[in-house]
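Under full-length UniProt numbering, think of the first position of the sequence shown as 1, with each following residue one higher.
These aren't lab readings, by the way, just hints derived from the structure by calculation.
Virtual Cβ for every residue (Gly too), placed ideally from N, Cα, C.
Mixed in with the good hints there might be a few duds.
Claimed, not checked - Have a look at the derived ranges for each label pair, beta carbon to beta carbon:
1) Q24 with E63: 30 to 40 Å
2) R70 with Q24: 25 to 35 Å
3) M55 with M1: 31 to 41 Å
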Amino acid sequence: MPAKILIVDDEPPIVDLLTYNLKQANYQVVVAGDGEQALAQARRERPDLIILDLMLPELDGLEVCRTLRRERDVP
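Produce the complete structure using the sequences and hints provided.
In structure tokens:
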């Protein structure tokens, strides 16, 4: 089973580029467009790795990181 990567970014061109390349490398990709979605996706999907933008709408990336680190250890 391929590793699951959560991409958190609010800029579609960046998300598209990362998604394309990660899928080409046989990773399973999950996407979130803001901090609230990121927390929900991370809790639901349990990714192996999170690529997290710091400047996000709703809830910034640092707060998302702090919240997730309190809940579990994800690189």
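For each hint, the structure was consulted:
At roughly 32 Å, the beta carbons of Q24 and E63 sit within the given window of 30 to 40 Å. Look at R70 against Q24: about 34 Å separates their beta carbons, and that is inside 25 to 35 Å. Separated by about 32 Å at the C-beta atoms, M55 and M1 satisfy the suggested range of 31 to 41 Å.
In terms of the numbered hints stated before, the structure departs from none.
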